[in-house]
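Assemble chain B onto chain A, guided by the hints.
Taken in sequence, the protein lines are chains A and B. No gaps in the numbering here: position 121 of the first sequence is 121 in the numbering used here, and each next residue is one more. No gaps in the numbering here: position 280 of the second sequence is 280 in the numbering used here, and each next residue is one more.
Be aware that one or more of the hints could be misleading.
Copies of the same chain look alike in the list, so a pair counts if it works inside one copy or between any two.
Listed below are the simulated DSSO-like cross-link pairs for lysine-lysine, each with C-alpha atoms no more than 30 Å apart in a straight line [unchecked claim]: (1) Lys103 with Lys342; (2) Lys67 with Lys92; (3) Lys32 with Lys371; (4) Lys274 with Lys32.
Everything labelled a hint here was simulated from the structure, so no lab data went into it.
Protein chains: 2
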Amino acid sequence: MSTVSYELKKLSSKNIVSPKGFKAAGIHCGIKHKKKDLAILVSEVPASVAGVFTTNAVQAAPLKVTKETVYNSKKMQAIFVNSGNANACTGKQGIADAYEMQKLAANKLGIEPNLVGVASTGVIGELMKMEPVRSGVKNLEINGSLENAIDFSQAIMTTDTVMKNTAYSTIIDGIEVLIAGTAKGSGMIEPNMATMLGFITTDANIESDELQKALSEITDLTFNSITVDGDTSTNDTVLVLANGLAGNQPLTPTHPDWSNFYNAMKTVCEDLAKSIARDGEGATKLIEVEVDGAISDEEARKIAKTVVGSPLVKTAVFGCDANWGRIIAAVGYSGATVDPDKITIKIGNALMVEHGEPVPFSEDELIQILKANEVKIYVSLEQGTGHGLAWGCDLTYDYVQINASYRS
Amino acid sequence: MSTVSYELKKLSSKNIVSPKGFKAAGIHCGIKHKKKDLAILVSEVPASVAGVFTTNAVQAAPLKVTKETVYNSKKMQAIFVNSGNANACTGKQGIADAYEMQKLAANKLGIEPNLVGVASTGVIGELMKMEPVRSGVKNLEINGSLENAIDFSQAIMTTDTVMKNTAYSTIIDGIEVLIAGTAKGSGMIEPNMATMLGFITTDANIESDELQKALSEITDLTFNSITVDGDTSTNDTVLVLANGLAGNQPLTPTHPDWSNFYNAMKTVCEDLAKSIARDGEGATKLIEVEVDGAISDEEARKIAKTVVGSPLVKTAVFGCDANWGRIIAAVGYSGATVDPDKITIKIGNALMVEHGEPVPFSEDELIQILKANEVKIYVSLEQGTGHGLAWGCDLTYDYVQINASYRS
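Same shape as in the complex, but just chain A (with noise of 0.2 Å):
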């Protein structure tokens, strides 16, 4: 879907300690049981940074630290996190224990505390175990090792199955620049960034306000057009930190390399938001909606996500039913522009519904399309030429069961 240029690199061996000058660590030091649950970024030095923030209005304690260093300081040098606790609605005492976070992490390594943000997840409303905190943050064995990387992102995890990682290379100045993403899932996504923390190191250099455009904007086509059930967090952080040691001229909507670094930044963005969705908790596939021809852009993303997040449509999906009927229902509801009389459907290749009208189709084919690990559905309005996707996954027993007892 995304333009890719032709500079563009996929390294599927790289991750976040790949471009220049950034180091990371992961351990388990007591929040959780037994799994890691602190983990840190750092860069060499102070980077640019850019930041996105979950909608809600009940925010984590976290993030009121992490946005004066986004917004105030406008650089980052760190970004320390733990998961097993989000240190949301947690009052006075969350935020001073997020404070403290920030100035754990300041001292080891010797830098002021405003170039530290923080970040959580976990259970809500419980106060922070700040003890296991102050004792890891001294086990804490900074390098930039693939195994460092690799324990960072297991360190951020909750109910993640897998670790999400990728990363690419693209051309500025004919030098290369790499940027590198992880992140964390996995239920209560939607829209605007729920429960899922995303972190992302690129060697570019490029002022903050400049990437701070470029994210907002890549964020609504990707991390914000994925849902996996609806339920926005007070948590959602995703950070990026540029440290400028590929010394490249510093890069602005101007620069002529300008979209390669626009479009590697939007493709690690688009491989993170479809590796959260396809890990949405007790998910078996990814679900992809495009939607076209809807009166603009924003309408368009709008009804692919409301199909995505139908969970009439997320059952039948699962149950390989090819149940076209909710799909158009969902359309329906979205709120958006539609004429019943125009709207085409395909689940795959399939056609479901040509303007209106149901299509004979094989069940057969359907199921075997249905049984894939990837199901793609699209739309088609023909009220304008807005064009939109959408990303989430199918609704499962284990949904019910992961979420049923999380706390216990």
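For chain B alone, kept in the frame of chain A given last:
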């Protein structure tokens, strides 16, 4: 919650044919494999009528036909219903079939077609099998017996596990007036009336325009305040027939007994709405969310609906997990005006959060509260005087099972 007048009397042995002059029938005609699937409700005389319909942009064929009767004829004498096929997204043939259904019922009763409403519920996107309807209509033996009222209520069911009926009497001009209702749920229930049908009968004397105003108001407080899965359907319809045979003076808001009638109708609608929520697909319990202190009643209802519709809240209630963090997160993403530091949350009578700070609670006590078949969640915002209620149900393995293979 509702201000119940002392004149209101619940009549547990009464039903939709109890108000004077109503008759019904329900049979198996062959749209479904075995269960009843064709039903008719008839008034001896043309009745005043009010209707509310799905807000989905994609509307089933019978809605087009029924809206003409409600909005143009403003009188209705019969409602002809089938289950097993929604006659939605069925193009021009679907419209023709809906008109044929209207005509079949009119011919049977010897009345004008424009006095007949039609409604359908079931699978979307398959053409109606009209042959069973044509032969079935001949076999409908319409009378005012309890058995026939039950047959009607059963014949409109799809995945419902129980019939939904309620009846009340009230006093108007010193005369006993009856009002009764029946409804079907049960998946795809959300805001603006999703795959639900509701039929209400009364022998009150009231003009259609007054009846419509009352129904529209009451619908927002009742049917539009329930959610099962957030999917809104193509077919939702609530119709009220008021045939005037009780002989009271015409009801208007200035009639001294107006509030008796209004409260009776509201209570009928609330009973049906709660029955639908309680019988949501796969549900094991009813969840009621009450919000006060919002900036308006509308915002209070919006928050209540967001909380009761959150998949994470629903699964937590299913799992008897007092995960109030998910409740406060849903309050936060509802889009309403909230101050996190002023939010207070109770589950049952147990305080979980007070002014944004977690309150220690007994897990054992909470498990007992959450094990009940009705769970009440209370949210106070201290932003204003807005108050609202919403109802829903838990999200279970059975929801997934029912919906993974609905068409098969």
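- Please work out whether the CA atoms of Lys274 and Lys32 approach to 30 Å or closer within one copy, between two copies, in both situations, or in neither? within (27 Å within a copy, 40 Å between copies)
- Homo-oligomer pair classification [Lys371, Lys32; C-alpha up to 30 Å]: Answer is between; shortest inter-copy Cα gap is 27 Å, intra-copy 36 Å.
- Item | Homo-oligomer pair classification [Lys342, Lys103; C-alpha up to 30 Å] | between (58 Å within a copy, 29 Å between copies)
- Message: If the cut is 30 Å between Cα atoms, do Lys67 and Lys92 qualify within a copy, between copies, both or neither?
- Response: The answer is within: 17 Å in one copy meets 30 Å, while 56 Å across copies does not.
In summary, the structure agrees with every hint in the numbered list given earlier.
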